[in-house]
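Enquirer: So the chains spell out like this:
Protein chains: 2
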Amino acid sequence: MATRAAAERKSAERRQSARGLEHLTIECVSPELDGARFPVKRVVGDVVEVGADIFKEGHDLLAARLLFQAPGDVEWRTAPMVFDYDTDRWYAAFTVDRIGRWFFTVEAWTDVFSTWRSGLRKKVDAGQDVNLELLEGSAMIRQAVRRAKFGPARAALLQAAAALEDEAELSQTVRVQRALDDELPALMAEYFAPRDLTRYRRELPITVDRERAAFAAWYEFFPRSSGPAGRHGTFDTAAEQLQRIADLGFDVVYLPPIHPIGRTFRKGKNNTLKPEPDDVGSPWAIGNEHGGHTAIEPALGTIDDFDRFVRRANALGLEVALDYALQCSPDHPWVTEHPDWFNIRPDGSIAYAENPPKKYQDIYPLNFWCDDREGLWNACRDVFLFWISHGVRTFRVDNPHTKAFAFWEWCIDDIQRQHPDVIFFAEAFTRPKRMKGLAKLGFTMSYTYFTWKNTGLELREYVEELAQTPTAEYYRGNFFANTPDILNEYLVHGGRAAFRVRLLLAGTLLPLYGIYSGFELTENVPVRPGSEEYLDSEKYQIKWRDYDAPGNINDDVRRLNQIRHSEPALQLHRNVTFHPSDNEEILFYRKAAQGATAADRARRVLIERLTRLDARVLTASAPRGGPGANGGAPVEPPFPPALLAPSPPTGHDLLIVVNLDPHRPQDTMVSVPIDEMGIGEDEPYVVHDLLTGARYTWRGRRNYVRLDPRTQVGHVLRVER
Amino acid sequence: MATRAAAERKSAERRQSARGLEHLTIECVSPELDGARFPVKRVVGDVVEVGADIFKEGHDLLAARLLFQAPGDVEWRTAPMVFDYDTDRWYAAFTVDRIGRWFFTVEAWTDVFSTWRSGLRKKVDAGQDVNLELLEGSAMIRQAVRRAKFGPARAALLQAAAALEDEAELSQTVRVQRALDDELPALMAEYFAPRDLTRYRRELPITVDRERAAFAAWYEFFPRSSGPAGRHGTFDTAAEQLQRIADLGFDVVYLPPIHPIGRTFRKGKNNTLKPEPDDVGSPWAIGNEHGGHTAIEPALGTIDDFDRFVRRANALGLEVALDYALQCSPDHPWVTEHPDWFNIRPDGSIAYAENPPKKYQDIYPLNFWCDDREGLWNACRDVFLFWISHGVRTFRVDNPHTKAFAFWEWCIDDIQRQHPDVIFFAEAFTRPKRMKGLAKLGFTMSYTYFTWKNTGLELREYVEELAQTPTAEYYRGNFFANTPDILNEYLVHGGRAAFRVRLLLAGTLLPLYGIYSGFELTENVPVRPGSEEYLDSEKYQIKWRDYDAPGNINDDVRRLNQIRHSEPALQLHRNVTFHPSDNEEILFYRKAAQGATAADRARRVLIERLTRLDARVLTASAPRGGPGANGGAPVEPPFPPALLAPSPPTGHDLLIVVNLDPHRPQDTMVSVPIDEMGIGEDEPYVVHDLLTGARYTWRGRRNYVRLDPRTQVGHVLRVER
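Residue numbers (the working numbering), protein chains in the order written: chain A, 1 to 721; chain B, 1 to 721.
FYI, nobody ran anything at the bench for these hints, they're computed from the structure.
Heads up, some of the hints might be wrong.
[As the list claims (entries may be wrong)] Listed below are the simulated DSBU-like cross-link pairs for lysine-lysine, each with C-alpha atoms no more than 30 Å apart in a straight line: (1) LYS358/A - LYS543/B; (2) LYS359/B - LYS359/A; (3) LYS122/B - LYS274/A; (4) LYS543/A - LYS269/A; (5) LYS122/A - LYS269/B; (6) LYS359/B - LYS543/B.
All chains should be built: construct the whole structure from the sequences, respecting the hints.
Expert: So, in structure tokens, the structure goes:
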């Protein structure tokens, strides 16, 4: 029976801890990810919209407020919540004006005074005697007086209480007038402490990043390929590429690993196991006698050269992203200094990477759960800190899904606490749940399956998942159109038009996209038929290029990046919707102007209605903390209603049409969502092709499009009215 | 800066507490309600299916198990989980064989030994030397030996380790054979302690009720109306009704309040404010000089009479449900004994109920947050305990949404801890979120909007919400077809056929339904046109009835309740699906045999495939607790795979057709979901109308139905093959 009693005790404790006595129910608070286990993501300047279901027994009027805390804040700030009858839900909004980790939660309470006033009014209208009600009101006001210690508020409250009580001198009509006085609610909201203040049981985190975390065009290139033909490039020759890259309109230049490259089992050209003596090896086999993850491959230059490269990039408005590849060549200093950080085999050797029966003898994986876990994790973290101290703020993380997830969560958090501006880009190509898991635990942005989504249906389904499902709260896809590892067969077989199609899709479907150099030269020869590997892959050898070679698509790249910078609609990720096209080879989608989606409009209508209907709800929504069950939280004056209303649409709606067939002209009728765009049934409107400058006058829903891949693969149509 | 540092500390703590170092990720565990804040509901004997997303870095094989705990258990029991590649998810199942509060959670770990074996096999197949691998294997086996202290397991492990190490005497081929030995995995699963055992961070509760909580036909009647004409009924005369009610096939008889009725502001007939001296008043105005919620209205008899009534009902297989209405008449003993439990007005009077400007002076609401909260809550709880001590196990709770939600959560939990067989039925007619909130916090079953859902579309949408959304996890709707408060206009205008239609819908759409007496006599006169109140409502006066009066639908009731008891498909709530009917006046739905839904079939296929494919996954799934991060949990031997497989379908599929038009014959073609039912395109099948005994041979999808409301309002077709 002892065990039975113990079980009952434990069960009771579990129930108790899950419960607590909550006066009001607060649930379904949004945005919330996995029960607040992980933060949702926003960028600085975003308006965060918060929703909550709030109720209690009976018919009392309720009030609620949002509590939010910026990074470094000690106190909560507050904003009033407004109630929407149709959805039976409360809403508020606040602007995240600083990067870092924010928190928010919700409080609610019974608006006792407003409930009383509402009842009083109805009773008076029905001609009932309300003497007792007036005395009840004055009792509430006298409670408020106790907390209004000084000044005109105290005086006004005292006067009101006295008037409501003054049966002898004042008529009931006059006393009722005083009770229904316009100024009382605000005073009572400020000084009357709710007895049932209830706080939502969780504090919900938000990671607020800088803008580049959500909107950027990336350009990947190997600095060692930047030299004059026949020579190993250096940071100085790489710096000479920066003007070209900046002119193409990119925001980020990403360099594959720049560290000393292992010699043992070095890979030869085209991934052969027998290298020539002058083969440069794969930069992802990191470490040799010159150092490891914090050293520079001597052929590229020195750390000073690197610093100069970074300064030059920054001066051109380019940000430098480094590769972070947590694996070691057999020649990495850690192998001798910390063999315990690796897996030791029975013969004392260190285990190389393998995927049986394949062996990767040039790579030693780290053992993230070794006995010196702390030492190893700190060292891995310090690699980031080293490059951060050299001006790097963005890291493309190689294969994070092959390293301990707990390590990433700890490491990203640890770094962002000191450096909230650091961006982590997960290069994980694995099953969706693991890719999402990495994004949840902290990766700022993520590679995607984009290269393998080539039909209209595939693109639509995938982009809708990234933009319109809860995934959009935390997973920022970066649509790389190619990588040194991925040359998709669509590019192999589609020729130059295919590159233009994929560029246009990558750069307009989502605000983050990238290319790996050579894409603009339409390089598309695989190492063998059916392979996604490039022939003479730059991973294993230097590749000297003429970036003005005939057939390049530099003009397309430059124009696209210009448009992305000038059109706010291309800088958002949740504003894409697909619309019917009669020809499945032609994809048709809208990028809505900021604030121009159906949800944006509904929100504006809701908030306008509420602020108009009942200003009291807003002003009454911020009592000083009281002796309620949840204790008193310090409160600032309520925010003005203006803060709640998202700004009206900015920028223009874009309609984008892409011919997915790189071989043949295609035409179709497209169905423009004029209802959502506020355009009348027969109203003409001008669509302005930002790619060519051409203007067309369209009318109504259905309009005709024809695209010949030899001349133009798509339209980016700005809707002008 | 001090505040900034404090904020950072706090923020770090918050992050820390949310994190912990988890070796594996375990998420999206189901069934889970609001992040385990509330229990999901099941009935005894149910197979609970558990799912979880589980992953970690890299390519290792994983293993997982379900931990579950019955009420009173101190230790966890375990069941293996199986992996489904298509959904990238793990599954397990366990049977809840006892009522009360269960808990479950999930553990996962790396199956190091199986990963090693799989690699070994591939290397051997590729002709690689595996000497080091064999030594690694023997090292693992020797680790297991340390925990296998005695007996044949220890001997077998020692022998295997020695063989793997024996380079001198054994050929590598022989050593590999020993390593791939069929018996090793089971031994290693039992004795090799995982180093990364990870437990899901929540323990998920399940409320397991007895069967009546999910399947019952309710009959409501006023015992005071059971007397001979002109006389106040008693428990003895009420007991005489029990045989009739049992013969009609009901499972529960529910009595409106049986307590002394208040005298102050007693309501007269038809809810008038001026009662005649002999008016009996509303039984929901509880309490007078004879007592309150634990007393019996003297006109009905004594507590002994009540006990006898309960015994008589039970002997007939009927359960007695009492009304629990937490409100007091001004004459209730609590008003004088505990005036502090009510709201006191400035003149010292107790506040009556009101909905301004309406006054309900016959009712004093309780103040659930009064200073003597504990005293009041205990007293309210003790009312339940009193009736429980008199054999009552089911309570219909009047207007729970007007009492503190925190009270209900505490009270239901407190009672069910001692009496897990007690059923609480929430009579809340309010907005959906509040109704659902009451179900979440503990109410066993709930009233619904059924009476107002009369068109096919309304019925379909509503039933799909209750049966096919997450709501089905916790909200058990009881489809009362009428109540003393609700006479829907469909009944007013539809005549006898309307009653037959609504009876058939109520009793077949969901497994819980009820009627209030008079329904079977098709009573349908409202107090005034457009009102949902009955004329001469039994709430305010006695109503003597002839239950065999012409026009009764006793035969329909009796037949329906018989079918409900004989057909398992009518005893489930998640197995209803709607199917096309060409005429919107005819509703067509299927109640699938237990285990015959599409989900049931998918599950069987999954589990069959997995158990066939890889028996090792199952046997390897239950290691003894080890020194892993989460400590060792005691483990029972893995359940046999048979437990995982839901039993094959039991009972028959039912196809139900109802003519919603009570006035005119209607006919239609219905579309039978033969694909889901495993019937071939042109295969004939017999449908047996359980209402009439008629048999029809149908073929393929589309079949013809005609229903004339004067004779037959619907079919309940048992599909017989």
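Enquirer: For every hint, state whether the structure bears it out.
Expert: Tested hints:
1. Restraint check for LYS358/A and LYS543/B: the C-alpha separation of about 87 Å exceeds 30 Å, so the hint is violated.
2. Restraint check: the Cα-Cα separation between LYS359/B and LYS359/A comes to about 84 Å, which exceeds 30 Å; the hinted pair is violated.
3. Simply put, LYS122/B and LYS274/A have alpha-carbon atoms about 24 Å apart, close enough for the 30 Å limit, and the pair holds.
4. This hinted pair checks out: LYS543/A and LYS269/A have alpha carbons roughly 11 Å apart, not beyond 30 Å.
5. The hinted pair formed by LYS122/A and LYS269/B meets the criterion: a straight-line CA distance of about 28 Å does not exceed 30 Å.
6. A hinted pair counts as satisfied when its Cα atoms are at most 30 Å apart, and LYS359/B with LYS543/B qualifies at roughly 27 Å.
Violated hints, in rising order: 1 and 2; the structure is consistent with all others.
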